[in-house]
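K.L.:
Residue numbers (this note's numbering), protein chains in the order written: chain A, 1 to 478; chain B, 479 to 1015; chain C, 1016 to 1214.
To be clear, the hints were calculated from the coordinates, so they are not data collected in a lab.
Even for Gly, the Cβ is constructed at its ideal location relative to N, Cα and C.
It is possible that some hints are incorrect.
Cβ-Cβ distance ranges computed for the label pairs, FRET-style [stated by the list, open to error]: (1) 1077(C) to 397(A): 52 to 58 Å; (2) 665(B) to 15(A): 43 to 49 Å; (3) 63(A) to 1180(C): 36 to 42 Å; (4) 1158(C) to 70(A): 37 to 43 Å; (5) 1133(C) to 12(A): 32 to 38 Å; (6) 1192(C) to 438(A): 40 to 46 Å.
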Amino acid sequence: MNLMTTPTIWIFLPVLFSLLLILVHRLHKLSVWIACTVSLLLAVVAMIFPQNLDLTLFGRNFLFDDTFLILNRALIITGTGLKTVAMLYLFSFLWNIAGMRFSVSRWFPTISLTITALWVSALAVEPFLYAALIVELIVLISVVLLTPRGEQAGSGVMRYLVLQTIALPFILLSGWMVTGIESAPSASTLILRGAVLILIGFSLWLAVFPLHTWLPMLAEKTHPWVFSFVFLMQQSSLSIFLLKVLDQFAWLRNLTGVFPAMQWVGVLTVLAGGVLASLQTKVNRVLAYLILIETGYSVLAIGLISQGGGEALALSLLPRALAYLQYAYTLSSIQQIAPEIDGSFPSLRGLFTRLPFHSISLIVSLLSLLGLPALGLFPARRMLWNSGAGLTSHYTPLLGLAVAGMALFILRLMDTLLTTDPNPTSPTLSGKGEESIWQILVLCFFTLLSLLVGVFPHVFLNPFLGILEPFIHLLPSS
Amino acid sequence: MILLGILGLLWLPAIALTISQAVKPNFARSWFIAIAGASLAWLGTFFLRLYLPMEVELIRWLPESLYHTAIAFRIDYINWPYIVAILALCIAVILTDSSRTSTNTTPTTWAAALALTGLNLISVMSRGPLTMAIAWAITDLVELSFMLNLLRNSGETGKVTAIYGVRLISTFVLVAATAVGWQVTAGLDFTQIPPTASLLFLIAAGLRLGVLPLNFPMQNALESRRGIDLLLRFSPVVSALVLIAHLPSEILVLNQSLVSVISILTVLAALYASAMWLTRADANEGRPYWIVALSAFALQSALNGEPEHSRVWGLALLLTGGVLFLFDPPIRRIRFIPLLGLIGLLGIPYTLAASGWSALLGEGVSLAGIVMIICHAMLVGGYLRYILEAESTVTGLEKYARITYPLGLILIIQTMLVLNLVGWPDVLTIGVWWGSLVSIGLVLAGAFLTKKLNLQLTGDGFKAKFPFYRLGHQVLNALRVVFSLDWIYAIARWLFARLSDIAGFFRQVLEGEAGVLWSLFFLLMMAILIYTQVGQP
Amino acid sequence: MSETLRIASAALLLLAAAINLVRRQWALNILALGLQYVCVFLIILEVRSPLLAAIKLIVGLMVTLMLYLTLVSSGLIESLLVRRRLSSGEVFRGTIALLLVLISILLGPVLQQSAFPQSSQLLLTASVGLILFGLFQMGTITEPLYLVIGLLTFLSGFELLYASLEFSRVLEALFTAVNLSLALIGCFFIVKDVESRSA
């Protein structure tokens, strides 16, 4: 068995470290630091690793293999695929390092590292159908994190488990059908069935509208830090996985109507997310709708792949993660400083007078997710809006409505944060100076970073275009 | 290089002031730094005049094939006068602020004024809509933080939401307009705006100006007497005016009926705002109406197919308005200085606004043109009224303020005169001379009647003596109710409440016990939809 | 294995799944779950060697044992011999169970003809039955034990179907990992539920 392979470094090594972390999970700081160091190292190494996998270190040559074989099945991480791996470990690092001050589960470092390694393996496994079971394992592991401490498992987490499990047969059956399709390309019924199974499987995984009902239920009960991490990883990995499937199967990408169907699913998901977000009165639940909207944009981007959607998707990965990070960080920090704030509008009323930097940070992160010019997500959003408008006139008003819905929520939240109750019932809102210099610096850093990414996308985001390199059939020009 | 120097001259002193104020506060030194930075920047703009039109590319998003975007500036005869005007206002604000004992002026305020002016310049100089959208967004965020900081202790922060909301919408309308324009020319700049997108651009600008639809989110906020507040109020207006001036003149070619509707709304906005301007208690109270009325003039010029000439009304808004609003305290002895400010508004031949008449009135004599002349007369009348009613005899001014205060006002007048000479080619023109003549005639007639009947617009005697006062009052009140848009907000609130109820019901159903079964049902529907749609030729 | 035994296994399998759907008696449900796995083993012998089929049996029994031990440790489990009258809900679910059995029997031949010609009708009936029972169970109840039983039933049904289509050792290993993890999660849910009840 050849161990000088890329999967050994980016799948087995982190899994080994997670096993080690199980032993030291009671020493929270130590496990966080181990998880951070391992994630950062793996991200950096993946970023700088030579594409031909021929590594020269201290004058010696190490030629790595991109394939690890287990029982005739393969885990393949090619040189071009390392960008995605780097991104996933970067996310793991960010959530571990920034989340150190929050009282989330003791298991967070262990599980976050495991989840990351499993997502990498889901993207690396061949044939792709095995990924379905790996995803199921990720879901099962995530459930431990998503269940709030000291409380019974809510119906949201159960529904999450149920619907993600239902997706499993669809992907597995489609994988089985693919074999038949490859040998009989003209069998149109088979192709249609295979396509329907794959699309349904992905719809369940990604929780597109109207299969998203568990998302807000889960967000309401789960710690925002955990929720944002789990679903950022899921969203990012599954988007890339969908690209991989489309790249691999010509019968799927050549089937008439597949991409328009994705466009419509994407647009309707964005619309549902925007409209439903506008009606919310709990900031924790809104995190779910933010995820929904971003999922919609991802699906739309894949649907618009021949109009530059792939690039829009790649460019959105980092700023989206940063916006989630900022939103979840601010929210978690608010709830850490003032545990009596449950995220509902009445509890947030007049918060600006007490936590001005947190209030502004919350708004800025939402504006970034809205796609406000100058903030991180704008360059990617603009590409999608332009491509959508160029393709058909139907998308523009729907996307406009979605943006309006989201903007309405932001303004409502802003009004709540800024308007002080004339007769304050809670004395907690009268306090001042509760933000430490460190917290203020971190929040300002997030805002500044979002601005920098928005104004200099070619500097910060272009490296992420490399994520598209492996998809040579789907994006021949990349 | 000069351009970057100008921005540096604004931002570096702003940073220096903030630091010096934090480390070792010194009022005189700070004032000197602020005034020196702003003055040098202002003088620098006159060097730019020698190189017009010029382009500066700041950041190019590469690869070109992917982004089609560069953050770039273009300075031409359309936006150069605005640049000069903004900088003149900035200096004037710093010069006059020290004389206002009623307000709390600090070096931090001057730093904010310099920073804000720098940001404003960026949006004014934008080469294309994307640069402008980015500049708008950043400026709005900075202003938001600034306003929140200003109002934090006053408990009036709630009003900021409405103000920011309108700005946010206008930014997204601008982005939408760019997306539409993008279909014709990828990476379009202001010289390539297609007529198909021009209406959206116009609406974006109209929203920011508070004209389309007529909205006064700032009506009750920030109308304080501080100079920095004037800059805050003018800041979103200037870039929107520049956007209007850049619109293609073929705007009328497109969708004639829609253009007519917008034109009617604009004329109504101008009429309402100028009537309100004329009848306010003081200039400060009338400030929002001044802005809306002259913005409507600029919009109407664009709708008449001469967007380029809208700049004269924009400049009148800034400069003539600037003189009046900074004339505080309104010292009787020097009221001749703001009176000179009328040069920028009257539009008499060979003055700055002369070329604006043809754009405002359109071709031939039309009802809209007549209404606009009446509006103009009301604006002039109001302006005269606020100056002539100046009764203050302030004696406690500091020695230096006795020089700096009038100097600030004179600087604006001077700017008008300079622009009158070198603002753009053919600035010295006769224009539609009878427009200003009729307007001045109306003002004189009004003044005569007022004198004759011994009327005071805000006094009780006016009600009794002025013919049709009650009718006019009723009409104005009705218009105020309509234009306050409260009824739209009420309907929107009602709709929102109903929508929330419906969403609540669906939430209960979908998140209840049978939620998974509902999801399975949706899944089945999706499968059927995909099965029937995908693969069909 | 004789055809009669296979039919009897399938019938018993559906009966066990129906018991889990209808009755709300923990001890009985655990017993039915174990029985379900035994029946799956017997049916799967049609397509797998006894050695490979035994993996599913062992995993299934382990899963059942884990759940049983968790319930016992919670101290809330009732004796199997406790008799309770049928509630109206149970009667309703019983009717649904009958309907689901009927649908499974009807769907078996249809599916064989249209999608899975290599699978036997009996196997398809059993797997579709389990999938439907699992789905219904998951869709109508949020109590952790029943939800996990629903999930396990659903997965068993699908594993049965997939076993007739394809064989892969990696897949078997992953299915085993999923089943065991699911049981662990089930135990985790039950413990949390019991803890919050007693708090």
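K.L.:
Could you run down the list of hints and mark each one as holding or not?
P.N.:
Here is how each hint holds up against the structure:
1. 1077(C) to 397(A): 52 to 58 Å: Taking Cβ atoms as reference, residue 1077(C) and residue 397(A) lie about 56 Å apart, which means the hint holds.
2. 665(B) to 15(A): 43 to 49 Å: At 47 Å between Cβs, range holds.
3. 63(A) to 1180(C): 36 to 42 Å: Given range 36 to 42 Å: holds, Cβ gap about 39 Å.
4. 1158(C) to 70(A): 37 to 43 Å: Holds, since residue 1158(C) and residue 70(A) (Cβ atoms, about 38 Å apart) stay within the stated range.
5. 1133(C) to 12(A): 32 to 38 Å: 36 Å, holds
6. 1192(C) to 438(A): 40 to 46 Å: 42 Å, holds
Figure legend: structure checked against the earlier numbered hints; every hint is met.
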